[in-house]
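Colleague: Here is what each chain is made of, one letter per residue.
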Amino acid sequence: MLVAPSAVAETIAGHRPSPDLAVGRAAYQQHCARCHGVEGRGDGYDAKRLYPRPRDLTEGIFKFRSTATGTTPTDEDLFNTLTNGLPGTGMPDWSHLDEGARWQLVAYLTSLSAAFTDAPPESVNLGTDPGPKRADHAQGHAVYEKLGCAACHGLGGRGNGPSAATLVDNWGRPTRPKDLTEGWSYRGGNRPRDIVARMLTGIDGTPMPSYAEAVSTDDAWQLAYYVRSLQRDIASTMIAHARRLEGPLPEDPDDPRWQEAPRADARLRAVVDTQGQINAPQTVTRLSVWVLHNGEAMGLRLMWNDTSDDRGTPADALAVALLPQGLGGDVVSLQTWPLRDTPSLDLCLWSAAQTAGEAREAVAKDFSTLFDGTIAGTVRESRAAYLDGEWTVVITRPLAPTDVPGAAQLDAQAIVPVGFVVWDGGNPSQRAVSMWIDVVLRPPKTRGQGHEAAPSKTQGGGGAIWAIASVVLVAGLGLVIKTR
Amino acid sequence: MASAPRAQFVTLAALVVAIGCGGGKPQEASAKSNTAARPLQLAQAPEDPATAQPSGSAAITGRVAFSGAPPAAERVKMDADPQCALQHTDAVHKPEVVVNANGTLKHVFVYVQQGLEGKSFAAPASAATLNQHGCMYEPHVFGVQVGQELSIVNSDATLHNVNCKATKSKPFNLAQPTKGMKTSKQFAAPEIMVKCVCNVHPWMAAYIGVVAHPYFAVTGDEGTFSLAGLPAGTYTVAAWHEKYGEQTQTVTVGDGETGSVAFEFKAQ
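Chains as they are written, first to last, in the numbering used here: chain Y, 1 to 484; chain W, 1 to 268.
Careful, some of the hints might be misleading.
In silico lysine-lysine, PhoX-like type, Cα no more than 20 Å apart, as pairs [said to hold, decoys possible]:
hint, chain 1, residue 1, chain 2, residue 2
1, W, K77, Y, K146
2, Y, K146, W, K195
3, W, K243, W, K94
4, W, K119, W, K94
5, W, K182, W, K195
6, W, K165, W, K77
By construction, these hints were calculated from the structure, which means they are not laboratory data.
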């Protein structure tokens with residue numbers, strides 16, 4: 001969806017108004033000051049709720065440029081950032097503002113720092129795109145190794161290199177290297193061209209240096225195509241379709257039967273601390289879930305990114321949140337739970353510090369009573385594995401437990417909201433939460449469900465609802481006759 | 001241009017040694033690259049008659065004392081990068097507060113802060129060098145003149161990024177992934193100090209004093225400094241340390257005279 005910078009420049013050339021700083025200032029105060037501050041110093045009302053922090057625009061240091069390190073961005077660079085936003089940060093896209101307003105904002109931004117005159121843009125030659133057909137991933141991988149990318153980004157690009165956890169930005173704030181597998185969260189775009197630009201211009205103010213003098217443009221493109229090959233899609237449908245199996249549910253995270261359930265992904269969001277601030281980079285950003293059940297119990301296979309395997313104190317941990325039986329009240333968002341007077345939740349807490357194979361379920365008013373053992377909880381079967389920047393944990397729970405007072409009672413035909421909370425022991429000031437995901441326990445309708453990976457091979461006891469749905473949806477005459 | 005500086009180097013080196021005999025050890029910067037560059041800087045300036053010449057006969061010398069108990073030096077843990085650890089047999093400590101055996105303080109940048117107004121000095125043709133060696137910066141503290149070439153070298157077989165956070169000149173953050181890689185930079189305006197860091201190896205830090213004239217020095221193992229070749233005049237001399245900040249003193253020197261300045265930094 002991103003528009004190529006050159007294309008942007010072409011399409012808007014005719015719409016660019018002559019700069020009027022009064023107009024730009026007014027638009028800035030209306031749209032930008034809340035985060036970037038009235039004077040552009042990055043100290044707006046909401047600044048501390050955001051991480052990374054909004055830029056101090058008066059310093060003239062900008063991350064996403066087409067220009068040499070230490071020089072200011074071009075007007076087009078700023079226009080593109082305004083238009084596309086910065087995915088994975090608090091900076092939204094402003095494409096809903098008309099182009100004229102965006103150009104006035106650009107003109108105003110360039111008036112905020114002397115750097116725009118002292119260090120004018122010096123363009124960087126990005127070379128020529130060889131095209132995907134000439135991309136050689138082996139060569140790209142060799143460049144990745146030669147340039148030392150793994151020191152921060154890790155051997156597999158998971159953002160878990162040996163220097164990753166120690167990085168700070170130019171203002172001393174902790175920062176983390178991009179998990180290169182998360183193409184959807186590349187701030188400056190995830191196309192090969194964007195990656196080449198980041199390589200050659202650097203990301204000023206962050207540890208990411210310019211490789212302009214260290215790599216040929218040909219190698220930079222090969223590296224970019226290699227990095228692109230590491231990117232994985234994310235299926236943020238907010239719906240997890242369960243598959244039904246007969247017999248015991250798989251306990252091993254690597255059991256092939258998990259693949260019978262379609263994967264559902266959730267992006268996680270950092271929760272502000274008690275001061276209403278976020279003071280560390282978000283390290284756990286995504287969680288994938290596969291759900292199986294056998295009519296008696298539900299198995300969840302959960303996989304999330306975490307750059308460090310922390311089993312000491314504090315340890316990596318995860319909680320599966322369900323709405324307890326007879327919930328009095330509503331938990332709108334896990335971001336605001338627990339607050340005083342919010343209802344209890346059914347939590348199934350797994351911690352890397354605990355004895356292997358243990359997760360504990362209880363209905364609790366908060367997380368800490370379950371963490372510190374004030375509430376013992378009921379042990380649930382679980383297995384965990386950590387590999388190259390990812391946890392994979394399997395937790396099995398009865399659909400309708402009788403051993404936990406007030407526990408969620410799930411119907412095998414129901415759609416139930418499930419939420420996830422993740423703690424990174426290597427980044428303990430923060431927890432990350434998902435939105436409520438709909439787990440669809442009832443069997444799928446088998447046809448016409450284009451978004452599902454594959455029809456289940458183990459429909460088993462689908463029952464009447466499944467049969468009726470088939471009649472409605474399936475045009476196959478034989479099946480209709482058979483059902484009647 | 002190629003041969004002339006060499007001849008002048010000899011002349012100037014002799015001059016510096018001569019001054020040194022009278023007023024303590026000159027040019028005592030600990031870093032080899034820096035000490036090599038400095039006499040050349042002095043030698044270059046007279047080439048341009050349009051600029052004031054650092055060929056005066058006055059000098060300011062002194063020492064930087066340290067009192068109190070210095071903080072324990074922080075041990076550097078290089079485990080994360082085997083290429084770093086491999087190059088050291090002994091424990092490495094951060095060179096932040098280094099107190100010499102004679103009770104003086106090392107790594108203090110001393111320079112003429114005031115007294116040279118209205119004079120301009122051409123940048124020397126020779127480069128200063130910032131070397132990355134054993135995942136440490138050499139030198140740790142040094143000076144360059146405005147417009148002087150700064151040669152940044154990676155002597156390690158590992159990735160370094162050179163993130164120099166200048167605020168008066170263009171900042172830069174460059175990758176040097178391979179051994180032997182060399183990059184040239186310069187600073188356009190005076191700045192005390194430009195801090196350079198390597199984010200890959202967070203213990204690495206270098207401080208560069210960017211000054212508009214050639215009258216600067218860094219204390220070494222003896223804790224002394226010498227600012228030679230000054231015109232007669234009254235000068236404010238500043239001593240800067242990364243932890244203890246900056247102190248200044250004023251001294252007046254006449255032609256042929258050597259003024260003496262004593263600084264003292266106290267443990268906090």
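Colleague: Does each hint fit the structure? Answer for all of them.
Modeller: Hint check:
1. Under the criterion of a C-alpha separation no larger than 20 Å, the hint pairing W/K77 with Y/K146 is inconsistent with the structure, at around 24 Å.
2. Restraint check for Y/K146 and W/K195: not satisfied, since their Cα atoms lie roughly 27 Å apart, outside the 20 Å limit.
3. Taken as a hint, the W/K243 and W/K94 pair is honoured in the structure, with Cα atoms around 12 Å apart against an allowance of 20 Å.
4. A C-alpha spacing of about 38 Å is found between W/K119 and W/K94, which places the hinted pair above 20 Å, so the restraint is violated.
5. Restraint check: the Cα-Cα separation between W/K182 and W/K195 comes to about 19 Å, which is no more than 20 Å; the hinted pair holds.
6. For the given pair, W/K165 sits about 24 Å from W/K77 by alpha-carbon distance, which is inconsistent with the 20 Å threshold.
In this structure, the earlier hints numbered 1, 2, 4 and 6 are contradicted, and the remaining ones agree with it.
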